[in-house]
Amino acid sequence: GAVGRGPPHPPPRQYKPMAWWLWRQWDGTVLKKTYVSMLYIVLVYFGLTLLVAGPKLPAFFTLSVPSLAPHLITARLEQMMTFWQQHATITTFIVTFFLSKAYEYWRAQLKLARGVQGRLQELNMLLTAHCLRTSDGDFTAESRQLLEETARNARLAHTLLWASIDDSLAPLHTPRGLRRLLERGLMTEREYAALLGSGAPPTRRHDVVLSWLLARAVDARARNTVEFGAGTESVLVSGVCELRRSMASVAEELVSRMPMAYVHLVHLLVDSFLVSTPFVLYPRCGVMMVPAAGLLALFFRGLLELSKSFLDPFGNEGSDGQEEFIRTDTLLAECNSASTRWWRGAERLPFDTLPFDAERLRQ
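Just so we're aligned, residue 159 is where the sequence shown starts under our numbering, counting upward by one.
Hints in this document: simulated from the structure, not taken from any laboratory.
Only pairs whose alpha carbons sit at most 25 Å apart, straight line, appear in this in silico BS3-like list of lysine-lysine: (1) Lys259 / Lys269; (2) Lys259 / Lys190; (3) Lys269 / Lys174.
Using the sequences and the accompanying hints, generate a full structural model.
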């Protein structure tokens with residue numbers, strides 16, 4: 159769930175490269191996505207064969223191709239071969255290019271998601287390295303409080319981001335959902351009131367929390383809770399700004415993923431190709447055009463459906479048979495787990511550290 163910390167699974171479905179393993183798969187494959195279309199096409203065009211062949215039907219089940227030239231319908235269909243060949247060439251090129259662009263978009267979204275995680279971890283790592291310690295090497299009380307609050311705000315910002323992207327997490331932006339986040343410790347009562355009082359729309363609430371993160375770091379330096387100079391502060395500010403850009407890019411990429419006219423054109427090409435194929439192949443292949451049409455439906459419809467599923471990386475549009483979603487619950491679990499990893503790992507260092515010295519800081 160959104161606040162889970164259990165062992166995460168990889169966001170996209172993993173695979174083994176062995177042929178025997180791949181051949182046995184069903185879930186998440188083009189077979190599952192297209193088998194209904196395949197069966198429909200096979201049944202429809204088998205009915206076409208029964209209708210057109212008539213008394214010549216037994217000849218269709220021999221290994222030789224029957225002579226159908228005298229048949230008026232097949233003679234007309236033979237004339238479509240040149241057009242069909244050009245149609246096949248154009249469709250093959252465009253649908254494969256469409257798949258490559260859709261996959262690039264899917265990879266870009268995964269890269270952005272990983273980038274957001276990485277920036278949040280870098281923020282925690284920088285603060286952990288610069289927090290002041292006591293003479294015993296432990297964090298000061300103020301340092302520990304800063305690290306705990308920063309980790310909590312990082313979890314909250316990450317959760318609110320994906321709640322604005324993934325429709326399955328959208329209820330977290332409702333009053334009941336926000337109250338549940340409060341009850342689970344992702345924010346305090348004061349932060350809850352500040353978040354609602356900010357007036358930010360649900361899709362931009364994570365920006366409010368980002369401003370808290372940056373303000374905490376700047377305030378911590380002013381209070382001598384952390385020890386770093388202007389250069390480190392500049393790196394910290396740049397990191398938060400880059401984090402904001404990455405978060406904004408996730409939603410922007412969703413809006414501008416692909417023009418509708420392009421998707422519509424590719425759909426028209428594939429559908430018209432699959433509809434015309436059995437008619438064109440009928441004079442030359444006889445009944446063998448039925449399984450041939452099924453295979454072509456598998457490959458061309460599979461390429462199209464796979465492309466559309468890549469254009470729905472978070473599963474908001476319910477792509478049929480799609481199991482290659484970027485799992486936001488896993489992203490949240492990973493971020494929640496990593497939010498305290500850095501400062502808990504640095505609580506006990508394997509070397510002596512210079513203790514906190516207020517006089518030295520003033521100098």
